[in-house]
Amino acid sequence: MSTQSYKKQDAYSLSSSPDKMAVFQECLQQFNATPVNAKKCRQLLAKLLRLLYNGESFPSQESTTLFFSISKLFQHKDQSLRQIVYLTIKELSQTSDDILMVTSSIMKDIQGNDAVYKPNAIRTLSKVLDPTTVTAAERLFKNLIVDKNPIISSAALISSYNLLPHAKDIVKRFSNEVLESIQSFKQFNSHQFELHEYYGSATSNLPSTSYMYQYHALGLIYQLRNHDKMALMKLITSLSEGVLKNSLSIIQLIRFINKLLIDDNSLQLLPIIINFLKHKSDMVELEACKTLINLQNLLTDEQEMMVIGTLQKLLSVPRTATRFAAIRLINKISIKHPEKIMVCNLELENLINDSNKSISTIAITTLLKTSGTGSIETTGEGVDRLITKMTSLMEDISDDFKMVIIEAIENLALRYPTKVKKLVGFLTDLLRDDGSLELKSTIVDALFDLIKFLSDDSSKQLILMNLCEFIEDCEFTELSVRILHLLGDQGPTTSNVSYYIRHIYNRLVLENSIIRSSAVISLAKFAAVCGGIVSKNIIILLSRCLNDVDDEVRDRAAISLNFINHHKKNLIVNDSKYDLAVLENKLINYLNEEKFENEFDINEVPIISNEEIKSLEYNQKINKTEVEEVKEEEPEVNKAQDLLKQQEYAQELSMIFSFGTLTKSSSVTYLTDKENEIVVSVVKHLFTDAKKLVLQFNIQNTLTTTKLENISVIVQPDNEGYQEESIIPLEELKPNQTGVSYVVFNFDETDIIAGFGNTLNYINKDVDEEGNADPNDDGWSDEYQIDDFEVLGGDFITGLYGNFEQIFEKIENSSTTAKVISGSSLEEVIEKIKNQLNMSFMDGSEFVSKDSNSHVLKLLGKDVYGGKIATLIKLAFTGGKIVGKIEVKTETKVFGQVVLDSIF
Amino acid sequence: MSLNLSLYTISSVLILDNEGKRLFAKYYKPTLPETNNTFSSSQFDTKEKQLKFESTLFSKINKINQDILIFENNLICYKQVNDIIIIFISPLSENESLVYSTLSNFNEALLILFDNSIDKLTLLEKYDLLCLCLDEIIDDGIIIEYDPATIVSRVTKPHSNQIDVNNLRNIDISEKGLFNALSFASKKLGERLQQGL
Numbered sequence: 001m002s003t004q005s006y007k008k009q010d011a012y013s014l015s016s017s018p019d020k021m022a023v024f025q026e027c028l029q030q031f032n033a034t035p036v037n038a039k040k041c042r043q044l045l046a047k048l049l050r051l052l053y054n055g056e057s058f059p060s061q062e063s064t065t066l067f068f069s070i071s072k073l074f075q076h077k078d079q080s081l082r083q084i085v086y087l088t089i090k091e092l093s094q095t096s097d098d099i100l101m102v103t104s105s106i107m108k109d110i111q112g113n114d115a116v117y118k119p120n121a122i123r124t125l126s127k128v129l130d131p132t133t134v135t136a137a138e139r140l141f142k143n144l145i146v147d148k149n150p151i152i153s154s155a156a157l158i159s160s161y162n163l164l165p166h167a168k169d170i171v172k173r174f175s176n177e178v179l180e181s182i183q184s185f186k187q188f189n190s191h192q193f194e195l196h197e198y199y200g201s202a203t204s205n206l207p208s209t210s211y212m213y214q215y216h217a218l219g220l221i222y223q224l225r226n227h228d229k230m231a232l233m234k235l236i237t238s239l240s241e242g243v244l245k246n247s248l249s250i251i252q253l254i255r256f257i258n259k260l261l262i263d264d265n266s267l268q269l270l271p272i273i274i275n276f277l278k279h280k281s282d283m284v285e286l287e288a289c290k291t292l293i294n295l296q297n298l299l300t301d302e303q304e305m306m307v308i309g310t311l312q313k314l315l316s317v318p319r320t321a322t323r324f325a326a327i328r329l330i331n332k333i334s335i336k337h338p339e340k341i342m343v344c345n346l347e348l349e350n351l352i353n354d355s356n357k358s359i360s361t362i363a364i365t366t367l368l369k370t371s372g373t374g375s376i377e378t379t380g381e382g383v384d385r386l387i388t389k390m391t392s393l394m395e396d397i398s399d400d401f402k403m404v405i406i407e408a409i410e411n412l413a414l415r416y417p418t419k420v421k422k423l424v425g426f427l428t429d430l431l432r433d434d435g436s437l438e439l440k441s442t443i444v445d446a447l448f449d450l451i452k453f454l455s456d457d458s459s460k461q462l463i464l465m466n467l468c469e470f471i472e473d474c475e476f477t478e479l480s481v482r483i484l485h486l487l488g489d490q491g492p493t494t495s496n497v498s499y500y501i502r503h504i505y506n507r508l509v510l511e512n513s514i515i516r517s518s519a520v521i522s523l524a525k526f527a528a529v530c531g532g533i534v535s536k537n538i539i540i541l542l543s544r545c546l547n548d549v550d551d552e553v554r555d556r557a558a559i560s561l562n563f564i565n566h567h568k569k570n571l572i573v574n575d576s577k578y579d580l581a582v583l584e585n586k587l588i589n590y591l592n593e594e595k596f597e598n599e600f601d602i603n604e605v606p607i608i609s610n611e612e613i614k615s616l617e618y619n620q621k622i623n624k625t626e627v628e629e630v631k632e633e634e635p636e637v638n639k640a641q642d643l644l645k646q647q648e649y650a651q652e653l654s655m656i657f658s659f660g661t662l663t664k665s666s667s668v669t670y671l672t673d674k675e676n677e678i679v680v681s682v683v684k685h686l687f688t689d690a691k692k693l694v695l696q697f698n699i700q701n702t703l704t705t706t707k708l709e710n711i712s713v714i715v716q717p718d719n720e721g722y723q724e725e726s727i728i729p730l731e732e733l734k735p736n737q738t739g740v741s742y743v744v745f746n747f748d749e750t751d752i753i754a755g756f757g758n759t760l761n762y763i764n765k766d767v768d769e770e771g772n773a774d775p776n777d778d779g780w781s782d783e784y785q786i787d788d789f790e791v792l793g794g795d796f797i798t799g800l801y802g803n804f805e806q807i808f809e810k811i812e813n814s815s816t817t818a819k820v821i822s823g824s825s826l827e828e829v830i831e832k833i834k835n836q837l838n839m840s841f842m843d844g845s846e847f848v849s850k851d852s853n854s855h856v857l858k859l860l861g862k863d864v865y866g867g868k869i870a871t872l873i874k875l876a877f878t879g880g881k882i883v884g885k886i887e888v889k890t891e892t893k894v895f896g897q898v899v900l901d902s903i904f
Numbered sequence: 001m002s003l004n005l006s007l008y009t010i011s012s013v014l015i016l017d018n019e020g021k022r023l024f025a026k027y028y029k030p031t032l033p034e035t036n037n038t039f040s041s042s043q044f045d046t047k048e049k050q051l052k053f054e055s056t057l058f059s060k061i062n063k064i065n066q067d068i069l070i071f072e073n074n075l076i077c078y079k080q081v082n083d084i085i086i087i088f089i090s091p092l093s094e095n096e097s098l099v100y101s102t103l104s105n106f107n108e109a110l111l112i113l114f115d116n117s118i119d120k121l122t123l124l125e126k127y128d129l130l131c132l133c134l135d136e137i138i139d140d141g142i143i144i145e146y147d148p149a150t151i152v153s154r155v156t157k158p159h160s161n162q163i164d165v166n167n168l169r170n171i172d173i174s175e176k177g178l179f180n181a182l183s184f185a186s187k188k189l190g191e192r193l194q195q196g197l
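Residue numbers (the UniProt record's numbering), protein chains in the order written: chain A, 1 to 904; chain B, 1 to 197.
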């Protein structure tokens, strides 16, 4: 008995990977032996493959040697050996050099007729061919693609697909054969199979065909035809009627239609997808739903209900993967239209106890969204029931999922303040249970956010008191410190100050030095804000800390006492801070310039008041939760980055103009399609001190053979308040370059709303491949009409977060009007107003329930002169029109009219 | 959401043992350049990154039968069979049901090939069948065949099971276990008896 066979029975030697060099040597020895022992070689090749699939790789030289000796195995006729030889060649082809030498052997096998390994040979061929040798195989490929055997046809199609990057021109010549393949019917040829009677009856009754070749052919034809939209459309229509028998190919077809629909609303294709909503295969139904959800704007309500109906059905199939996919899609709908999926609530509730925890988590988060939209009575019940269900579930799911649920609860509480008490109760219960630091910080984060953004004082106190209890026995120092800090910020303004002071003082007695020192600061804040008797008592408490064993605690106590005694309130409590992003940016610039003789000017860094920070954070919060869930869609522009961007603009502009400080820059608006030959976008920059509006046109030349020269944008305002001052044209734009042209306007503060018509003026010149124009060519001048844009109130306003009722009451200067607002649905109008006014929606008023006919919007903002604006808009949908009653209150007088005019 | 318009569907196939060590790992690199960005290829471009990914993934899915989950922006479908885990990884936008069916059909094909016993030992013993079977299902991330019976019928038998009755001399007795000898003997005996009848 050889040692090798002995080893084979030893479980332990099998589980460790074979030695690389030993296998290499043995391979060389066995493959070069005559006659070749087919059985041994197959085992040896399996060993080699195992090395490769374990991530080992042979250096190029050894790999080539190996390759060479493997090619010797082509002498042996054995099928079982030949098949694995092909696989090995395929795997080694990436690292070896002389792979071309096996081409002729492979070609010989392919031309042979009835071998099992013929498809393997075809697929291996694409790995060893290079662009020069593909031509030789062209005839062969054409024959193979139309072969009557589906497996051979598939192999040839895949092989051609893999050849695309190397020899697209040649593969293009196959398109007739590929098309023929899609349409034809191919049947398995029984003698080309290895019939495994040995494996039992499973293989004796083979299906006559699996139509996989249709899928491969469709994939290939798309790559060949995707530039010709008309041809593609024709192909799709011809295929949509039952030609395709294979689920995978139908999925592929749906994706092509989707692509066409996105690119240029070819609406006549939409019904094809809708038909696939009812199909015997759940993967096709799933793909159809997936696609249609992304095309929601094109669907009628009825069609949308069909999609949801299909998803509802998919929610209760036994296959986990399908349920998982369906619930993800439902969750996606629920972000924007929770009311639409209320019909699925029953199925969703059943899924809470699903064995797959991702499914149950998504089910809960989705239910949290839908239950928030119903009428008040049913909502209360729904939330109650959900919370009881969740409490039982929370015990046996992992921390990751808990965190997702916590975030969903927080979001729900933010949107529906009436439910806060219940949800806070749930969160604090969770906080008391055992859990990791990560989990607890998520809960604490959620509670912090709730405190920050809820206007209701009683729920705020509820949270604060719960947090106080939590720190009584909190094992995580960092959490205690954060909570103490928050108590210091929020506590002094509440009604039961002494309660908090008592809890904080307990920390001062019982905890470690880090917590003690933050407790000191926290107490100092109480003293500074409350004053009076509280202040006196705290002074007594703090003086005891002067004898603390830790010097940090002593220091902090001493400095706090000093501040309190000298009434330096603003040194303890601050109501504004520097914009950190800008500060960082400035400091980096300062360090890079290395002009240290000049002092760093801190005044250049804008100071943000707490109010502004809050509104930024609120926006981020609302945006973040949505962006995370719709990750595939384009990420929203982050507000904090906006500030940084503004800083960049200011720097760029200050090099060209001297208009003083930049007040505000708008976001980028595209004036052409992004696929155009010349792509133009505009940014509006406002200088209120100098009363100037600078329009920055970003112009991109996407043509590869044309150079643009002397480019300028001719801007025609429809408001005489705007006087053009100067144009800075762009001198030249080489192919694939982007440049900037500026137009400057003076404007009148009292009448700022205007529309601008724009025309692009330039000189065209053809260039050769190196990008050089013919010096004798004067080019020809051309004009190009681009979209209009408007300057509206929104360009002068930034969003603000605050208590709407309070601000609205306080401002006196008010103006009111009622007008018809164009738009087909309330949602559309709200989205429009959001862009027109650029103000923040308060109290979750941007969410409108689908079936209601009226809605109230509460908006807060701040104009560029620093005045606050509060707008109350009552929208009603009557007789196919949307009527809005708008009431604007502004601190800056002229702005009332501006806001009113901006809405249309 | 960028839909995958190419045929490349599966970004990698892994088979791990019950300690998370890899038994089989294949990370596919699509050849069409424009598909590279949807396939997060940089995530797996070195062996170290791959191993790290595998170990974190393993700790997440071992002994938890969920069939499907999203992990580091990949769609993970997996099946735990006895002491091994078979994992298919694909881009996030892929059709979940499609990937999962491919996985379970692969599993079914292996069941037939391995004579109903999928475990680590059989897998390593019949590694040639495993490689060939997977090669008939996926080529460079493209799903080739879908039907388990068809897949199995495409995989050639290993040699040791071919018993040539007319050519007894050529049987290499040393390579056979006792069971094979017995089964061969009983088969022979049966035939003789039948002839005798």
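Rather than coming from a laboratory, the hints here were simulated on the basis of the structure. Treat the hints with caution; some may be incorrect.
[To be verified] Straight-line Cα separation of at most 30 Å, DSSO-like style, residue types lysine-lysine; simulated pairs:
(1) K49/B / K90/A
(2) K39/A / K157/B
(3) K20/A / K52/B
(4) K172/A / K29/B
(5) K77/A / K187/B
(6) K460/A / K586/A
(7) K63/B / K77/A
(8) K52/B / K72/A
(9) K108/A / K157/B
(10) K40/A / K21/B
(11) K157/B / K259/A
(12) K47/B / K47/A
(13) K52/B / K357/A
(14) K26/B / K357/A
(15) K188/B / K77/A
(16) K90/A / K29/B
(17) K126/B / K20/A
(18) K60/B / K389/A
(19) K874/A / K834/A
(20) K47/A / K63/B
(21) K278/A / K47/B
(22) K26/B / K90/A
(23) K47/A / K26/B
(24) K47/A / K52/B
(25) K157/B / K40/A
(26) K39/A / K188/B
(27) K90/A / K188/B
(28) K357/A / K21/B
(29) K79/B / K313/A
(30) K47/A / K29/B
(31) K187/B / K20/A
(32) K26/B / K168/A
Comparing the hints with the structure gives:
no.: 1; hint: K49/B / K90/A; in the structure: 24 Å, holds
no.: 2; hint: K39/A / K157/B; in the structure: 11 Å, holds
no.: 3; hint: K20/A / K52/B; in the structure: 22 Å, holds
no.: 4; hint: K172/A / K29/B; in the structure: 23 Å, holds
no.: 5; hint: K77/A / K187/B; in the structure: 28 Å, holds
no.: 6; hint: K460/A / K586/A; in the structure: 37 Å, violated
no.: 7; hint: K63/B / K77/A; in the structure: 45 Å, violated
no.: 8; hint: K52/B / K72/A; in the structure: 38 Å, violated
no.: 9; hint: K108/A / K157/B; in the structure: 23 Å, holds
no.: 10; hint: K40/A / K21/B; in the structure: 27 Å, holds
no.: 11; hint: K157/B / K259/A; in the structure: 44 Å, violated
no.: 12; hint: K47/B / K47/A; in the structure: 20 Å, holds
no.: 13; hint: K52/B / K357/A; in the structure: 24 Å, holds
no.: 14; hint: K26/B / K357/A; in the structure: 28 Å, holds
no.: 15; hint: K188/B / K77/A; in the structure: 28 Å, holds
no.: 16; hint: K90/A / K29/B; in the structure: 13 Å, holds
no.: 17; hint: K126/B / K20/A; in the structure: 19 Å, holds
no.: 18; hint: K60/B / K389/A; in the structure: 25 Å, holds
no.: 19; hint: K874/A / K834/A; in the structure: 14 Å, holds
no.: 20; hint: K47/A / K63/B; in the structure: 29 Å, holds
no.: 21; hint: K278/A / K47/B; in the structure: 44 Å, violated
no.: 22; hint: K26/B / K90/A; in the structure: 13 Å, holds
no.: 23; hint: K47/A / K26/B; in the structure: 15 Å, holds
no.: 24; hint: K47/A / K52/B; in the structure: 24 Å, holds
no.: 25; hint: K157/B / K40/A; in the structure: 14 Å, holds
no.: 26; hint: K39/A / K188/B; in the structure: 23 Å, holds
no.: 27; hint: K90/A / K188/B; in the structure: 41 Å, violated
no.: 28; hint: K357/A / K21/B; in the structure: 25 Å, holds
no.: 29; hint: K79/B / K313/A; in the structure: 25 Å, holds
no.: 30; hint: K47/A / K29/B; in the structure: 23 Å, holds
no.: 31; hint: K187/B / K20/A; in the structure: 40 Å, violated
no.: 32; hint: K26/B / K168/A; in the structure: 27 Å, holds
Checked against the numbered hints above, the structure breaks hints 6, 7, 8, 11, 21, 27 and 31 and satisfies the rest.
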